[in-house]
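Peer 1: The lines below spell out each chain.
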Amino acid sequence: MSLIGGRSSSTNRVLLAYLIVLLVYGCAVGVNREFLAWSTIRLQLVQATFIGLIAIGETFAVLIGQIDLSVPWTITLSAILSTNLAAMGGNQWIAFLVVIAVGVTVGLVNTIGVFVLRVHSLIWTLSVNLLLQGIALVYINAVAPTTHVPAAAQFLALGNVGFMPMAFIVWMIFGGFAILALRVLPFGRSIYAIGNRPTAALLSGVPVGRIHAIVFMSSALGSAFVGLLLSGYSSQAYLGMGTDYLLPPIAAVIIGGTRLAGGEGGYVGSIAGALTVVLLEAVLVALNISEGAQQMVFGAILLFLAFLFLKRGR
Amino acid sequence: MKLLAGIEQPDEGAISVNGGAVLIPNPRAALSAGIAIVHQELSLFPSLGVTENIMIGQEPRRGRFWIDKVAMRKRARDLLDSLGATDIDTSSTVGDLPLAQAQLVEIAKALSTDPSVLILDEPTSALSITEVEHLLSVIDRLRKRGASIVFISHRFSEIERIADRVTILRSGEKAGEFRPGTFNRDEALALMLGETWRKELSTRSAEAFTGDAEATVLQVDDLTLVPHFADIDFKLRRGEILGFTGLEGQGQKELLFAIFGLFRKGLHGKITVGGDHLLPRHPRESISAGIALIPDDRKTLGGFLNLSISENIAITVLESLRSALIINRRAEADLVDGYIRRLSIKCTSSAVSLGSLSGGNQQKVVVAKWLARKAPVYMFCDPTRGVDAGARAELFAVIRELAASGSAILFYSTDLSEFAQLCNRVLVFRDGRVSGTLDGPEIVEQNILDLSFKEAVHDAA
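Protein sequences appear in the order of chains A and B.
Just so we're aligned: 259 in the UniProt record's numbering is position 259 of the first sequence, and the numbers increase by one with no gaps anywhere.
Just so we're aligned: 299 in the UniProt record's numbering is position 299 of the second sequence, and the numbers increase by one with no gaps anywhere.
For reference, chain A alone in the conformation it holds in the complex (with noise of 0.2 angstroms):
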């Protein structure tokens, strides 16, 4: 076993994607030396933690063969609740708790679809998407959202130590204990022997169960952080604050190398997709190009890498 994970295959993909990163990296100095500015980079950094906690839960789904499309909801129903109801208390740490409820009844509820009832996960979850959204409109036609934000969040988002930002180093760590959990963990090879042969790793012994609702809770609960999160980044909560980030953390899981099929992959090259998809996006934006043919040139070079990748699959 290499330093990196696995067999030679997956570590040349993670090369790759780095060898990427550091492409986008180079065009957007070109278009732009504002890039080679620390606050340019802050900025990024930040923009690429949003993306990359999602993107936790979503190398798992992805490594067990599944997907999590509940992302978006649950990234606005987690922000509205959590600073209403800690707005309400009067303390802001009951925004935490409000973010753990909701990611661990998501994930529950996909972890029923996905794997009790048996519903393909793309169609499950997407659903649950819709369900959450019906739930935030609901609540806020009864109740009017803060703009009082709790300030624990507001440091987490906004806040530096020394002269990283604190969103940076909060995504290290939870990353950090990623690759070790999918490295060292009983779970990491667990998810990696569902992923491979679903049917050989139910005859193994392997919970399969339980490793289906901790990736579908993880992801949940990622999305719910990344709410409290965006809600202390733009000081407020609001509908439809989590919509763009339904398919940016799955480009990131598959141009990090990852198999859409599962099975192969890790958390190390979803890193490097992070970064990779919000260095585009910001590079688009130097380019001061209009907004939709932004999005067609970000949609076009998604479907380039996701071919790319696709392709080194088979």
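Because the hints were derived from the structure by calculation, they are not lab data.
Below, in silico cross-link-like pairs of lysine to any residue (SDA-like), each with a Cα-Cα straight-line distance of 25 angstroms or less: (1) B:LYS174 with B:GLN9; (2) B:LYS299 with B:GLU332; (3) B:LYS299 with A:PHE187; (4) B:LYS74 with B:SER91; (5) B:LYS299 with A:ALA261; (6) B:LYS265 with A:ARG118.
Here are some chain B residues pointing at chain A (derived, C-beta under 10 angstroms): (7) ARG284; (8) LEU301; (9) GLY302; (10) PHE304; (11) LEU305; (12) LEU307; (13) GLU311; (14) ARG322; (15) ILE327.
Just so it is clear, CB atoms sit at the ideal spot from N, CA and C, and this is done for glycine as well.
Given the coordinates of chain A, work out where chain B should sit on it, guided by the hints.
Peer 2: Chain B in isolation, oriented as in the chain A frame:
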């Protein structure tokens, strides 16, 4: 069979139809070469109608795009009538038909391409005796119309009834041939068993169980799973190797899988392991009761082809390899290297993927992962499938060693010659029930076949 169907490609040699050499790169090419196959597992679409199934892929057209439903229905009707199946309604859904009728639909489908050669792969395996008789008369009728037919069967009575010329295949080689009218059961049996088996048998005959007759590890009472097996009773003792034999597909495999907890619903009866009752609904229940299963398909059930040897072996004992939370790499390497040496698994390192090994070595890895559990009960389900003779001998040595060290073994194989080499006792299965027990030296293929064919033998007499 698969070569003729275009599913697999020959390494060498040629196929000729009507005197002309043909290449069959895919199933479509087989059809256009005039070869039609009725597979053992029916290849029908259960939710489509009889007509649609028979005519699939060659629907008559009206104009360029429209399917001519009237012509299609008429053609299907004609084909069924030619088989004497006038009672099958062309508009009924295939999933609603009884198996014997579905089989006739399958044959009609095969005939719809007007093939030069019709191949029937064990078409009678799922049919009752009257249904078999009807099917054989259909085949007779086709023959009289000048069709060339290959009929594959394990059952001598059917071969005697229907075949002009008989070829006996054994382990992928032609073992012998009978000209018209010369078929003889005893000779055929000798050819099926083969010389090598005779030699092995002469050096090693089955030994009766000599251990403690009271030390029951696994007891099964009245175990039933409709429609696979019914009223199964047996006791398995420490150090004993008990074989489940009989023809293929008589419920032996399902019984092993049921004991391993792979059937969530419909299992009735009593299983007792080490004094505890259990009716497992999940493999983890069986595993924690001390049962290990080496399944028949190592590629989809037994192992993880893309994971390393090390990851494959350690998967069953991850919890016990932990120090604190983390998997202890040193302990894992020691364990894995130990089994690689003990089973002489041929590999460059324990980090190479399972898929890069030969079939025999892959199977040894699958066995090793369960040896690591040190289970009181081991169930081997056709462990030598696709394994070369050398690795097979090594596997047998491992199984004997396991029994000698006090584990109890259940063994099922599709190769009847293996039971005499390995087992202390065998249960012969027919139609999901035990039709007889053979002990020690009684485990001879002739006896196994007698018990498996009981009905067929009466039938012929």
